[in-house]
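Chains A and B are the protein sequences, given in the same order.
Residues 1 to 295 (the working numbering) make up the first sequence, in order.
Residues 1001 to 1344 (the working numbering) make up the second sequence, in order.
Read the hints as simulated data drawn from the structure, not as lab findings.
Please read all numbers here as calculations on a predicted model, not as lab measurements.
Careful, some of the hints might be misleading.
Here are the computed distance ranges between Cβ atoms for each label pair [as the list claims (entries may be wrong)]:
| id | chain 1 | residue 1 | chain 2 | residue 2 | range |
| --- | --- | --- | --- | --- | --- |
| 1 | B | Q1221 | A | L63 | 51 to 57 Å |
| 2 | A | W235 | B | V1114 | 56 to 62 Å |
| 3 | A | G30 | B | W1081 | 48 to 54 Å |
| 4 | B | A1059 | A | R193 | 57 to 63 Å |
| 5 | A | G30 | B | A1059 | 49 to 55 Å |
| 6 | A | L55 | B | N1303 | 43 to 49 Å |
| 7 | A | T66 | B | V1092 | 46 to 52 Å |
| 8 | B | P1187 | A | P97 | 52 to 58 Å |
| 9 | A | D260 | B | R1244 | 51 to 57 Å |
| 10 | B | S1298 | A | Y52 | 32 to 38 Å |
| 11 | B | S1298 | A | S197 | 44 to 50 Å |
| 12 | B | V1218 | A | G30 | 45 to 51 Å |
| 13 | A | A61 | B | G1048 | 27 to 33 Å |
| 14 | B | K1280 | A | G30 | 24 to 30 Å |
Here are some, though not all, of the chain A residues that point toward chain B, as calculated from beta-carbon distances under 10 Å [said to hold, decoys possible]:
| id | residue |
| --- | --- |
| 15 | A78 |
| 16 | I82 |
| 17 | P224 |
Ideal Cβ positions, reconstructed from N, Cα and C, are used throughout, including at glycine.
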Amino acid sequence: MDEATVKSTMTVTMPPISWRRRALDHAMTGVAMLTVALVLLPLFAIFAYLVYKGLGSINWAFLTQTPKPVGEAGGGMANAIIGSGLILAIASLMGVPLGIGAGIFLSEYGRNRYGDAVRFVSDVLNGVPSIVIGIVAYGLVVIRQKHFSALAGGVALAIMMVPTIARTTEQMLLLVPQAIREAAYGLGVSRWRTTLSITLRTATSGVITGVMLAFARVAGETAPLLFTAFGNQFWNLNPNQPTSALSLQIYTYALSPFDDWHRQAWAGSFVLIVLIVGAVAAVRFAVRRGTLAGT
Amino acid sequence: MANRALPRPRFEAPEPERGAKATLKLETTTAPLLQGKVSEIPDALFGGAMRFCGLAVVALLGLIVYQLILGSELSWHAFGWKFFGQTDWNPVEDQYGALPFIYGTVVSSLLSLVIAVPLAVGVAVFITEMCPVRLRGALSFTTELLAAIPSVVYGLWAIFVLVPVLRAYVQPFLAKTLGWTTLFSGPPYGVGMLAAGVILAIMIIPIISSITREVLTVVPQHQREAVLALGATRWEMIRLGVLRNARAGIVGAVILGLGRALGETMAVTMVIGNRPEIAKSLFAPGYTMASVLANEFSEATGNLYLSALIEIGLALFLVTIVVNALARIMVWSVTRGQPTRGVV
């Protein structure tokens, strides 16, 4: 472990390291540092542009108005912000319980071949491209309803949330010591009660972190919404109607030829990232306080 | 570690002897437990519900496969295997061939790997082997921040920052120095295969580097010490003691990154140029399987058109599944026994 001492003793007993090897060693250290710099460069560039272009473009109109007709400056993405919220709420309502349930199954009932199968399938699901999930939601909901809807978008995002939540929930529940479960059984507590009030409760903050991870992952998704939620220029709170989403609006505006729409795309990206990070941070904060208050 | 519930305790007290005080006492203390008879029904219900959730995950995958196969039937009957070998994509004449999209997906993903792999592995090596412990957490957090940025935001950034930079500086330079390879020839539009490869590389670096890091940390410490004790420099130690041991895992990480690159949609669609052509030059615009779905699916008129698009979706789905399964097996072969952290 202690490299310095190892090296110093080596120089006593061994011939000195040739300058060539020493130079190569230094060179490779330099190369590694260079790769770090090259990776951090785009990261900083992206964040810098987001803050510089995004923050400067946000104004009251952006946050409170709906888009103006094509080519007209002004207007905002208020309907898209609300629409994203609606779609995400639908997705969470379906995806979170199912995901947590599957996670409980994997950790409490699935330590066998069936569990392994479910585990493998959820890993596979995790790797399915989001645009393919969009096709599936299109076939499941849009074709049946005969029109695009927030519901279809929600279904697509829910399908994406389930495997992530299931696997993290499983990992978090497995961290709960077996002895705690046995203590509950020893007191005569039934198995379902133990799972819900003891195991799941002990792992609450981890499970919620997993849920937020899944949430953050789907919150910025665009591809599965393109032909499910579709987008909308106006306010819509009806889950059965086409709905705008922040990411969809960013996509449309980024590809448009209008400067004012480009400005709004940057503003939308900034708001999207702030909302994602904000939601994750708020829930983590609440959980931390909640568990502290509970103990 | 078996997670099954212990058998429910059954209190079968022996028939109490009449007048014996000790048994009487026992009876009174255990009485509440004995009275509150636990019903088996809620337990069975709960277990059933959780099993249902587990099954639902499998059902979801089944549903995806079913939907894709059902949707692509028409196109499959019309074109068969030729679908994947034909180059013309003509919705007006109902002629569909997926080859340009397959080509675009493969080339853009491979290009992104060529750029991303050395960088990602370098970062992982730096973080696990070279960097001061204090910097370690901050650096890995920062690289993983890249994974939190939505794809469409990458696309936006690529359109307004990356593409102009490529057009003004990188492409003229490449054309001048490597133009003879014909890989970098033609007019520098900025938008095209190269831009798609670069933005994909930026997007898959966090995945590759975080899994590589995981694999490197699993390499036993004594491997490093043994190589150092033979008089190796730090780089020799990394090369012989660490990288060689972690080879399979790193390859797994790379394939996992490939899986992500194959299915990536938005950012690529925004910068690749969206033209179904097979061009030799990386400067030329292209089209990928995911992009054609993003661009044309909601506007597809006619059943055969829609069916052809769904068939492309099916092909994309199958390829990513094979790639991901392969990657998972390779990562697993190295980190076996160690819990793999996070969601991949």
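Status of each hint after checking the structure:
1. Distance hint for Q1221 (chain B) and L63 (chain A): a CB-CB separation of about 53 Å, consistent with the stated range 51 to 57 Å.
2. Checked against the hint of 56 to 62 Å, the pair W235 (chain A) and V1114 (chain B) fails, with Cβ atoms roughly 47 Å apart.
3. The hint said 48 to 54 Å for the Cβ distance between G30 (chain A) and W1081 (chain B), and at roughly 51 Å that hint holds.
4. Taking 57 to 63 Å as the suggested C-beta distance range, the pair A1059 (chain B) and R193 (chain A) does not conform, at roughly 28 Å.
5. Remark: the range hint 49 to 55 Å for G30 (chain A) to A1059 (chain B) is upheld by a beta-carbon distance near 53 Å.
6. Range check, L55 (chain A) to N1303 (chain B): about 47 Å between beta-carbon atoms, so the 43 to 49 Å window is met.
7. Taking 46 to 52 Å as the suggested C-beta distance range, the pair T66 (chain A) and V1092 (chain B) does not conform, at roughly 36 Å.
8. Range check, P1187 (chain B) to P97 (chain A): Cβ separation about 54 Å, and the 52 to 58 Å hint holds.
9. For the hinted restraint 51 to 57 Å between D260 (chain A) and R1244 (chain B), the CB-CB distance of approximately 56 Å keeps it satisfied.
10. The hinted window of 32 to 38 Å between S1298 (chain B) and Y52 (chain A) holds, with their beta carbons roughly 33 Å apart.
11. A C-beta distance of roughly 47 Å is found between S1298 (chain B) and S197 (chain A), which places it inside the suggested range of 44 to 50 Å.
12. In this structure, V1218 (chain B) and G30 (chain A) break the distance hint of 45 to 51 Å, their C-beta atoms being roughly 26 Å apart.
13. Checked against the hint of 27 to 33 Å, the C-beta distance between A61 (chain A) and G1048 (chain B) comes to roughly 53 Å, which is inconsistent with it.
14. In this structure the hint that K1280 (chain B) and G30 (chain A) lie 24 to 30 Å apart at CB is violated, the actual value being about 35 Å.
15. At about 19 Å, the closest approach between the beta carbon of A78 (chain A) and any beta carbon in chain B exceeds 10 Å, and the interface hint on this residue is violated.
16. Using the Cβ-Cβ criterion of 10 Å, the hint placing I82 (chain A) at the interface with chain B is not satisfied: the shortest such distance is roughly 18 Å.
17. Nearest Cβ of chain B to the Cβ of P224 (chain A): about 9 Å, under the 10 Å cut. The hint holds.
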